[in-house]
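Each chain, written out:
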Amino acid sequence: MSAPAAPEKKEKISVPFDYNKYLRPNKLPHIWCPGCGHGIVLKAMLRAIDKSGFSKDQICVVSGIGCSSRTPGYVDFNTLHTLHGRALSFATGIKLAKPELKVIVVTGDGDALAIGGNHFIHTCRRNIDLTVLVFTNAIYGMTGGQYSPTTPMGSQATTSRYGSIEKPFDACEMAKASGASFVARGTAYHTLELEKTIHEAIMHKGTSVVDIIDACPTYFGRMNKYKSATHMMEVLEKDGTVSVKQVDKLPPEKVQGKFLRGVLHKDERPEYCEQYASLIMEKAKAK
Amino acid sequence: MSAPAAPEKKEKISVPFDYNKYLRPNKLPHIWCPGCGHGIVLKAMLRAIDKSGFSKDQICVVSGIGCSSRTPGYVDFNTLHTLHGRALSFATGIKLAKPELKVIVVTGDGDALAIGGNHFIHTCRRNIDLTVLVFTNAIYGMTGGQYSPTTPMGSQATTSRYGSIEKPFDACEMAKASGASFVARGTAYHTLELEKTIHEAIMHKGTSVVDIIDACPTYFGRMNKYKSATHMMEVLEKDGTVSVKQVDKLPPEKVQGKFLRGVLHKDERPEYCEQYASLIMEKAKAK
Amino acid sequence: MAEAAAKKLPNIVINERLCKGCSICVDFCPTNVLEIRGSVVAVKDLAACTRCQLCDLRCPDFAIQVFD
Amino acid sequence: MAEAAAKKLPNIVINERLCKGCSICVDFCPTNVLEIRGSVVAVKDLAACTRCQLCDLRCPDFAIQVFD
Amino acid sequence: MAEKKKKLLQGNEACVEGALYAGCRFYAGYPITPSTEIAEGMSVRLPKLGGKFIQMEDEIASMAAIIGASLAGLKTLTATSGPGFSLKQEAIGYACLAEIPCVVINVMRGGPSTGYPTGPSQADIMQAKWGTHGDHPAISVTPAYVQEILTETVRAFNLAEKYRTPVVVLYDEIVGHMREPITMPAPGEIEVVDRAKVTCKPEEYFPYDDKYEVAPLAPFGTGYRFHVTGLNHKQDGFPTNDPKIIRENNERIMRKIENHKEDIWKNEETFLDDAEVAVFTIGSTARSARYAVNEARKAGIKAGLLRPLTIWPFPDRAVAELAKKVKAIIVPELNLGQMVLEVERCSRGATKVEGIHRVDGEPITPAQILEVIRKYK
Amino acid sequence: MAEKKKKLLQGNEACVEGALYAGCRFYAGYPITPSTEIAEGMSVRLPKLGGKFIQMEDEIASMAAIIGASLAGLKTLTATSGPGFSLKQEAIGYACLAEIPCVVINVMRGGPSTGYPTGPSQADIMQAKWGTHGDHPAISVTPAYVQEILTETVRAFNLAEKYRTPVVVLYDEIVGHMREPITMPAPGEIEVVDRAKVTCKPEEYFPYDDKYEVAPLAPFGTGYRFHVTGLNHKQDGFPTNDPKIIRENNERIMRKIENHKEDIWKNEETFLDDAEVAVFTIGSTARSARYAVNEARKAGIKAGLLRPLTIWPFPDRAVAELAKKVKAIIVPELNLGQMVLEVERCSRGATKVEGIHRVDGEPITPAQILEVIRKYK
Amino acid sequence: MSSRYEIRFSGSGGQGMILAGIIMAEAAAIYGDKNAVQSQSYGPESRGGASKAEVIISSQPIDYPKATAIDCMLAMTQEACTKYHKDIKEGGILLVDSDEVKEFPQGKFRLLKFPIINTAREELGKTIVANIISLGMIAELTGVVTHEAIEKAVLSRVPPAFLELNKKALQIGFEKAKTLK
Amino acid sequence: MSSRYEIRFSGSGGQGMILAGIIMAEAAAIYGDKNAVQSQSYGPESRGGASKAEVIISSQPIDYPKATAIDCMLAMTQEACTKYHKDIKEGGILLVDSDEVKEFPQGKFRLLKFPIINTAREELGKTIVANIISLGMIAELTGVVTHEAIEKAVLSRVPPAFLELNKKALQIGFEKAKTLK
Ligand SMILES: Cc1ncc(C[n+]2csc(CCOP(=O)(O)OP(=O)(O)O)c2C)c(N)n1
Ligand SMILES: Cc1ncc(C[n+]2csc(CCOP(=O)(O)OP(=O)(O)O)c2C)c(N)n1
Ligand code: SF4
Ligand code: SF4
Ligand code: SF4
Ligand code: SF4
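So the sequence lines, in the order shown, correspond to chains H, L, P, F, W, A, C and Z.
Under our numbering, residues 1 to 287 are what the first sequence spells out, in order.
Under our numbering, residues 1001 to 1287 are what the second sequence spells out, in order.
Under our numbering, residues 2001 to 2068 are what the third sequence spells out, in order.
Under our numbering, residues 3001 to 3068 are what the fourth sequence spells out, in order.
Under our numbering, residues 4001 to 4377 are what the fifth sequence spells out, in order.
Under our numbering, residues 5001 to 5377 are what the sixth sequence spells out, in order.
Under our numbering, residues 6001 to 6181 are what the seventh sequence spells out, in order.
Under our numbering, residues 7001 to 7181 are what the eighth sequence spells out, in order.
Just chain H, same shape as in the assembly (with noise of 0.2 Å):
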């Protein structure tokens, strides 16, 4: 019924770090396209997973479908990879059963915010204690390149060879107006910043949103010209993004169309499972 014990807190150097500890043994090459952002997310979640103190049988990494989705195959938890877009609903299934579980949702823009979107702002709002990955690469990768709701204005992608005429979410608004009592964005590029935001995340009690920008090369870069995975870390991620912690020391142009980076959104409110406990166990063993 208890939440998991908040970790004893170690601080140390995160690299070198031995992934291997967390990694399946011989599921490596993952699946993922060279220069794919995805495995460099994946790296810093094992770092902040690491940082967290909790053990590997008391997390569990449940996925969607799509690119991003394959995570859980490759980490050496309790791991489910599910349905396109169901990620939340499975997980607030085992939450909910097993609140001594530390549930990590790893999910893909489209798997979050497409067809997963209702299950996302219904997490949200009930602030139930899941930590919510969504790796925004703007397009769908696993089905070949069509847009997603994160696909910027105007765009190329293979379902908008005329360029998008949708504007995008902006996840962790959504996240906010929904009820998370925890959002927060990163990126690939900077990821040792991110290592400690998904750690936060993890560490908060409650719904707990990080969005993080990474790239795939293969289809938004090919098809919006990027020449690299590394030219579209710096464009979208490192030259996109603008810390919140320094945005108010910036002038106006140099903020205006880019992404915040950092917690963006606390409070302490109450946490479902809690609330399913001390509220409504109590009271109906009570009647």
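Worth flagging that the hints you see were computed from the coordinates, not collected in a lab.
Hints may be right or wrong, so weigh each one.
[Unchecked claim] In silico contact screen, one side only, chain A against chain L (beta carbon under 10 Å); selected entries:
#, residue
1, Gly5023
2, Arg5025
3, Ala5028
4, Pro5047
5, Lys5052
6, Met5056
7, Glu5057
8, Asp5058
9, Ile5066
10, Gly5073
11, Gln5235
12, Phe5238
13, Gly5349
14, Ala5367
15, Gln5368
[As the list claims (entries may be wrong)] Think about it this way: if two alpha-carbon atoms lie no more than 16 Å apart in a straight line, the pair counts; the simulated EDC-like pairs of lysine to aspartate or glutamate are:
#, chain 1, residue 1, chain 2, residue 2
16, L, Lys1238, P, Asp2027
17, W, Lys4302, W, Glu4262
18, L, Lys1027, A, Asp5236
19, Z, Lys7066, A, Asp5242
Note that CB positions come from ideal geometry on N, CA and C, so glycine has one too.
With chain H's structure known, arrange chains L, P, F, W, A, C and Z with the ligands on it following the hints.
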């Protein structure tokens, strides 16, 4: 292809109003319970439509499933009663196929925000020209009183006998965060104001959302110890809301915990069907 | 003008087939014109009617209208 | 201390089985230590390595690590 | 107050009792007529027993949540009706392939589409077998009496746990909403099957260990870290493109049911020994049929009733045998012809098969059935 | 440049050509392997023709959008594969009951669940008939050649418009992804059916006018203001609880297909005249079968092939007749036994029915089929 | 079929017809030694408009749960009376509230008229217990359940504060029914 | 079966094997007078790793679209060669890139080795056209399509700016193949 021509604006006193002009013959009495707010909202909608000057043939009213979603059956337009939660998707198909229709979606808080939540946010994101009227009675009326995503915390419903522990959505916040270009709130109690708000929503080009607080005396009322429909209207609609126009003049304690009424957000970003015509069809033909 | 209007009594049209007796019009009428009789609404004090139209506006059932 | 470190060269461990030759480490290495040879990464100038770890941190494929 | 042993319960209330008796401790659902009483009952009862109830945002999420909760070790339930059952299909397929036990109640109402929400129907029978894409195992049980809803719900959980597969309980609105006195079973009175315990060491654990026809399923968080996917997978749970393994696994999940039909089947046979005409049906229609068969016997007609309590896997053998013995098999059903197709198939032309179909929201009456029975006297 | 008459096209590309030829002017979809090329093709081609393409947030929304757009008067299409087909089921049922024409392509991949996304399969055949709850009409066409994907897609639109009902085009990944030279039909070369025009006055218009078996459907916004619902309804489109009307309407939507099976059926018969053993199959498997049957004939075996291009309504009469003539009907299919059940049913014990089943992501080879044919020579 | 006794309670939405049906079934099957099955009309009907509940009582197992030949029917409104009286069998009973039902259906059944609601109002000050009065009347008229059984069944279904009120209502029912016999 | 001619192009993800297959099929069926069917391996295979495309050419209608007995196979990598050579029929041709393939499979087929990629690099400065060189070689070696047909097919599939380059690549293929005959 072109959007509905902005009809001539006629100013007139709205009551007594000849509802029969827009009601289908011999369909009344409607199925709603005594005191149900849905009928009050329907009347405001008809007056607003009348004011808009659109002809009955130009208007299409689409709904999902629920008590509120029975609205289309009573009104003499092109009307479509669809599936639970999917009204906006059907409406999107109609609108994009025939942009000259003025499409109004009538939906309940369950229909729009529970099962239909994803279509709700994606509709707003696209900013397609639909007017979305959400009849928010904080309960699933049609199925007999289960809690909905707008049920206030602590409230009773047939599936929250120990009090709801879920934070309710604010439909307006969700609409804004996801990109709707017109967001407003009204109540059945403030019926003339509501008529004006709906009228403004209809005249807006782009996705316009009006969250309308009304009362389900049969389920929400009975289970939460309201004495009557009138009592609910007074507590929830009159005392439970504050007009945006007054909010700045009121001391904080008079605003706290209350819903804002009136137009809460408006911007003039490009509408989806127009973008499709100008950016996609033009480009495609040129190629 | 007020006097002229006062002379001509308003015409409160009630559709008993549609009225569900919810009492909303009765409760919100500022001058206590209406009452529930049996299971439907009825006019109790026509002279008191100010033609404010609140009964019509808040009736959910298209059951009451006030004409000059 | 800088000198002492300079003496002992770092140990850049490359897993050629895992390297997909995306060139991210090459591009981000501030001191131009690495290069792509054939289809995988290789060390071009070990002495220039500052142990900044950027290659490891940004490599998506668990293919490169820098040890003292 | 002394505990009353007999209670007047609604079908849907009996379902709640059955689920709790079977040890169900997790319910996720989305309300829909005529199944809502199950959700309402579970929301009140579960927390008293330390269990969890959650109302999800839709039926898809509900189905996903009960699969997740089952992986966490609980016995799990969802209940719905036609439109919701259609929405759950994708995730039901997931539970089939990933072999996650869970129970789905479908209280059948008039379809197709929104149809006739408060009208009874038996028109989701074929869907219970074929509703999700791809080949998959299907078990469905079909109670007809309120008491039986309780016992069959228990049996559904038992089958789910034993065969690591979703089990569907199908009954129509009439049975779901009517009230009958039922006797509450004492603890231990009805068999309750729990899923097989894992005994091996974590290093040796395979979630789809091919040593077994049905491998034990370790709950998440108990030291057995493994992988579950809806992709075709190997015995260790990881995805594969190896044709041999794909075939073997796809065939095994069918075989684990096929090979144990004897255990899963349950037929009630009334007057079949010497029957010359037989009725084959389920649910409320079987109640009418039993009434009609009794009347027929009174009138000297050798009528009998084959009432399957397991409709999937289809009782092919029982029907084939019956077909050889009787002049006709009459198949009344609240649909336009579903079970009758299976009865035709299994009869292989050995007898006349005649359906009685009704889709107007009204029950098939004993008189309707009797009339057809008389044709074959 | 002179117009090339022959083009090498992928199956999915031919589907796009067929849809456009048939006059499809609206596509809504959600990408899924192995159907994505259809969406991609439509997104490029439609706007050039004044049509609309929209990528929706999921398959449910896509299905709903094409129904809406059809009501606005356009011919509409969506394309998907297994998991998406499962999700569309509820809305497909809506289109059946509300009688809204539209076409759904299902490029079948390995199931159940996520299964084997890039592997071919024919395991959604039964789902195409039984996937949604409630009794409902089903039409599915099953092309096997790239050229045929074009022509059958046109036929699917024709049937949809003629019978005011959703039509499913089912083909497997092999046919969807392979390339063959096809001849582009000239305008007018293939029949294109448009929905019946409404001729009466608006006051006299009933969207389900019982004067007709299939009433004309007026597009929204053309002066015929009417009501459409997924509830059981009267001829004027408004909901009803009247058992007589409910029954009549539910039966009519089945009857409008049942009574016109002759028009909807399409079978290709190869060497059936004197055949002693017959193969019954569809899609890529039918290609293997044709190859095998040719080989068998060369070897002096009297083999034949019955290849339905309409699998639903099931070609019951053709199978029943065939069963009386041959020693065996062999049913190869990329699944664990679906069409074979229908063939068994329709044969009524008159012949031996043997399935060949394969679910490993590989095609059934001519050699496999030939081997079984030889058993019956 | 003779061991089968069929009762139909009909009226409008809020009149407690379904509760009456449940109590009657419990009286027969829980507090009596019979079998009973209770069912009801759902649907838009249950929201305002005519509503009905049926109870089948038998000493045998009960298969078919719907009324086929009604032994006793209660009608609390005109609409319900008109809509539902058709299945009353020859020699059966139709008990109507005489203030509500003015058009009497024809048929070979015994028509009994009594101002049930008014009695509840006049004698107990609460129209809400009209359904309990009618239960008492039907128990008395038909004898299908004993007075003890129906009393136990009623009392087990009402909140403690209303025990006396309901007991009285039942008694009134017994008494008044005698006058109709 | 003799009227059936089966060709398999195999290599790794980015080497243009599928395009080669398409061009070969178009040469046969659009610019020649034969029938042709082209198919390919999808799936994770198509993302890196070995990839293949198959073309069946025949003067008859083609039913079975997959290779059963390969007349000619091209292998541009060792992995592809090892994985896919098994279906080559007796007397068939296996053409390998001699810089890439070092372990030669055994079988009753003609093994032809040529440094295709290197030729593309050395003679045209672009390894990207190695697939076009191989098309020229196969056309020349097998005679299953004419030089004109394969040239038309190639030119219809490449952007105008690269017409000359591809024409040259094809010529080189024709020439080099003659040396192997
Ligand atoms: C129900 C369903 N619809 C569609 C698909 C096809 N599909 C698989 S992954 C995917 C999108 C992946 O995009 P995203 O989640 O952004 O992840 P990425 O691959 O870009 O990492 C889609 C549409 C599916 N598997 N299931
Ligand atoms: C797929 C599906 N799930 C569930 C239902 C049952 N259902 C009908 S209406 C409704 C909720 C209605 O609530 P709301 O939209 O708030 O409207 P209200 O009745 O309160 O006006 C539900 C759950 C359904 N019809 N279809
Ligand atoms: S397709 Fe894109 S997202 Fe997927 S693995 Fe390749 S680069 Fe990454
Ligand atoms: S149940 Fe509630 S929402 Fe529905 S009609 Fe009655 S009062 Fe209105
Ligand atoms: S508000 Fe309308 S329905 Fe209610 S009592 Fe007044 S007239 Fe009747
Ligand atoms: S550690 Fe830094 S300096 Fe050294 S090789 Fe890596 S990136 Fe270059």
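Consistency of the hints with the structure:
1. Gly5023: With a minimum Cβ separation of about 13 Å from chain L (threshold 10 Å), the hint on glycine 5023 of chain A is violated.
2. Arg5025: 8 Å, holds
3. Ala5028: Holds, about 6 Å.
4. Pro5047: 4 Å, holds
5. Lys5052: This hint holds: lysine 5052 of chain A lies near chain L, its Cβ roughly 5 Å from the closest one there, short of 10 Å.
6. Met5056: Hint holds; methionine 5056 of chain A Cβ to chain L Cβ min 7 Å, cut 10 Å.
7. Glu5057: At 4 Å from the nearest chain L Cβ, glutamate 5057 of chain A passes the 10 Å test, so the hint holds.
8. Asp5058: 7 Å, holds
9. Ile5066: 6 Å, holds
10. Gly5073: 7 Å, holds
11. Gln5235: The hint is violated - glutamine 5235 of chain A has no Cβ within 10 Å of chain L, the shortest such distance being about 15 Å.
12. Phe5238: 6 Å, holds
13. Gly5349: Interface hint status for glycine 5349 of chain A: violated (42 Å vs cutoff 10 Å).
14. Ala5367: 47 Å, violated
15. Gln5368: 43 Å, violated
16. L:Lys1238 to P:Asp2027: Cα-Cα ~14 Å, so holds.
17. W:Lys4302 to W:Glu4262: Measuring from Cα to Cα gives roughly 28 Å; hence the hint is violated.
18. L:Lys1027 to A:Asp5236: 12 Å, holds
19. Z:Lys7066 to A:Asp5242: 57 Å, violated
The structure is inconsistent with the numbered hints 1, 11, 13, 14, 15, 17 and 19, although it conforms to all the rest.
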